[in-house]
Every structure is written in C-alpha cells, then in structure tokens.
Amino acid sequence: MARLKLFIPLIIFIALALLFFAVETRVSEGEYDPKELPSALIGKAFPAFQLPDLQTQQILDESLLRGQVSIVNVWATWCPTCLYEHPFLVALAGRNEVGVYGINYKDDPEKARRWLAEKGNPFAANIVDEAGSLGLDLGVTGAPETFVVDRQGVVHMRYQGGLDEAVWQAKFAPLIARLQAEQVQQ
Amino acid sequence: MNAIVKSLALSLCLTLTFGAISAHAVVETYQFRSEADQRRYRALIEELRCPKCQNQNLAGSDAPIAQDLRREVYRLINSGSSDQEILQYMLERYGDFVLYRPRFTLETLALWLGPVVLVLIGMGIWWRLSRTTRETDAPASLNDEERRALNKVLESPGE
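First to last, the protein sequences are chains A and B. First residue of the first sequence: 1, per this note's numbering; consecutive thereafter. First residue of the second sequence: 1, per this note's numbering; consecutive thereafter.
It should be emphasised that the hints constitute simulated quantities derived from the structure, not laboratory data. One or more hints might be untrue.
Distance windows between CB atoms, simulated [as the list claims (entries may be wrong)]:
1) K5/A to L113/B: 25 to 31 Å
2) R131/B to P34/A: 37 to 43 Å
3) G67/A to E35/B: 49 to 55 Å
4) A177/A to N55/B: 36 to 42 Å
5) L118/B to P52/A: 49 to 55 Å
6) T105/B to D33/A: 18 to 24 Å
7) R113/A to N55/B: 23 to 29 Å
8) D33/A to Q84/B: 40 to 46 Å
Derived DSS-like pairs: lysine-lysine, alpha-carbon spacing no greater than 30 Å straight-line [stated by the list, open to error]:
9) K52/B to K44/A
10) K35/A to K171/A
11) K171/A to K52/B
12) K111/A to K52/B
13) K119/A to K171/A
14) K111/A to K5/A
15) K119/A to K52/B
A few chain A residues that don't get close to chain B, going by computed Cβ distances all over 10 Å [unchecked claim]:
16) L4
17) A15
18) G99
19) G120
20) V128
21) L136
22) G161
Predicted model only: the values in this text are computed from it and were never measured. Where a beta carbon is used, it is the ideal one built from N, C-alpha and C, also for glycine.
Build out the structure end to end from the sequences listed, making use of the hints.
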C-alpha cells in the first residue's frame, strides 16, 4: 500500500499529460478554440439597425433577414481572412442553400464595392456599417464573423474565423438543415 | 549572497507583475463634464475586458475593438448613463466575458468557487499529513528486553 503511494505523482502526471494532449489535439483539428467566446446574442433577435445598402444606398433594417434562414457575414477589405473565405462564400451563394448577407464592417464603401466587382459578389445585400455601431450591437470583436439567423430573425450561432467547406459541413450545415426543417413544419 | 539574489529575484517579479498591470495603451483624450465622470471612465475601462485580446482590459489594449468600446463608454457616460447601465450594456453585447469580475451564475460557479475548493483540498491534505507526522513523532516506549539490550550497548567499552 505504502509503495503504491509512491506512484501517485506519476499517475497525476500521466493523467494531466493525457488531458493536455487531448485538448491540444482538438485545438489543432479545429474542433475547439480556446479563444472563441460565447455570443451573448444566441436565442435573441438580431439587433435593430437602420443602415444603407452598399450598392443601392437604400436604408436597410432588420426586416431584411425575415422569411428565410440566412447567414450574415461580417467582413471588410482590410481583413486578410475575409480574402481567404471569399471564394467559399461565392460558391455557397451559388448553391442557393441559405440567404447570404454581408455587413461591410468599418470599411471604406468605395474599396468594398471594388472588391466585390473584382472577386464576385456572394451577398444578396450588404449592410454598410462604417462606424461599427451594428458590429457593437452584435458583439463583434473583429472580422470575419458569421451569424446564423432563422426565418423569424433570431440568432442561432456565431462563428469567429474564416469559412471553408470543412467548417461549413462541420458547424453550419447541420444547424441550417435543422432550422430549415423546423420552419417547414410550422 | 543567497539572500541578496533571492530578494533581487523577488523585486524583479513584483516589478514585472505590477508594472504590467499598470501599463496603459490609451491614447485618446476625452473631455469630460466633471472630474467625477473622468474617474468613472478610468474605473470602467480598467474593469471592462477587451473581447479581442482576452487578457487585457480596455485601458491596456490597442485593439480597434478596445478603442471602439472606450469611445462607447465615453459616449454613455456623457449621455448620463449610470455605471450599472454601462456594465449592463456591455454584458448584453459581449456576455460575461467582458467583466473582469463576472456575475455569480451557474456558468461562472467554477470560477468563483474553484479557489475555495482548492484551498479546502489543500487544508485537508495538510491536516492528514500533520496527523501522520504526530503519530511517528510519539516517543516509542521500549519493552524490558529492548531496554536491557540498549544498556548493554551503552555500557560496552568503545573500541
């Protein structure tokens, strides 16, 4: 018994090593991000706003997001990861699975229009948030961030970081399928 | 010599710790209506955490989001919001994370009670250990045979 006690430190060490290894594996595989923050908006209505559209200058408000399951992508031309995810957004918009909306966050609208003209425009509409006020109401900490909004305009998810097919299939596709199924029943 | 090295190391640690805490990155200068408002602003940006840079407060961060939030705190103070309203405003947008002293909820339970639990475990171990030492320290009494053997050893002349 007394001899067994000698192994306690070793056992604790092995347990901790396994724990850290498991966490680190999940981090490197992108399943867990320790810097990811829970959004305070989950289950709440998308915040009200009155901001112009990037192309038409028409004033948009939160009713834009009613009537379909949509994603709202916070982007800017100064954001490198937005450049990375742009081709995916263009492809996604082409599949017509969900409404794809953009918030052009703290950006120069002229540059943003040029960017979309050059690289293709995946967005059904783009909300211009030059001052970052809508971003503040959304609890945005940087770009890119992507929100999933249901047909009633309720936020279901916030994703921080770049989108690609793997992230989409792992994190977005199941939720969106569920939201769309739910709303067909109603 | 050893003591000097130790005290030097300690003072270095203290300087690094407290020096880091009091570092400020704030560059904007805002005009407040009163000294009291200025003090409230200082206190709030010390208390609120930057949501982007995770272990800095708003006062210590250069991130664009921290600048925005400082401006927002300034705007709210000047529009007459109370400290409580400002904290609530931030909480609604950024969640518990934004407060360096989070509310006591089910989610933050481990954060608040964890240290207490650890201290209790430590005290338990300490109590157990001190009890076993006392048992071994107790004077062992010799029986007659042992006493005779001991006397024999003590009385025998050294070589």
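Verify that the Cβ of L136/A lies farther than 10 Å from every Cβ atom of chain B, and report whether the claim holds or is violated. Violated: least Cβ distance 6 Å, not greater than 10 Å.
Falls inside 49 to 55 Å, the C-beta gap from L118/B to P52/A? 54 Å, holds
N55/B and R113/A - C-beta distance against the hinted 23 to 29 Å: 38 Å, violated
Does the claim that L4/A lies outside the interface with chain B hold up, using a Cβ gap greater than 10 Å? Fine: 16 Å to the nearest Cβ keeps L4/A off the interface.
Looking only at beta-carbon atoms, does the pair A177/A, N55/B fall within the given range of 36 to 42 Å? At 37 Å between Cβs, range holds.
For V128/A, is the shortest CB-to-CB distance to chain B above 10 Å, so the non-interface label stands? 16 Å, holds
When you check the alpha-carbon spacing of K171/A and K52/B, does it fall within 30 Å? 22 Å, holds
Does K171/A lie within 30 Å of K35/A when you go C-alpha to C-alpha? 17 Å, holds
Given the hint of 40 to 46 Å, check if D33/A and Q84/B actually sit that far apart at their C-beta atoms. This hint is violated: roughly 32 Å between Cβ atoms.
Least C-beta distance from G120/A to chain B larger than 10 Å: Holds, since 27 Å exceeds 10 Å.
Range hint 25 to 31 Å: satisfied by the CB atoms of K5/A and L113/B? 29 Å, holds
Looking only at beta-carbon atoms, does the pair T105/B, D33/A fall within the given range of 18 to 24 Å? Given range 18 to 24 Å: holds, Cβ gap about 23 Å.
When held up to the earlier numbered hints, the structure conflicts with 7, 8, 14 and 21 and fits the remainder.
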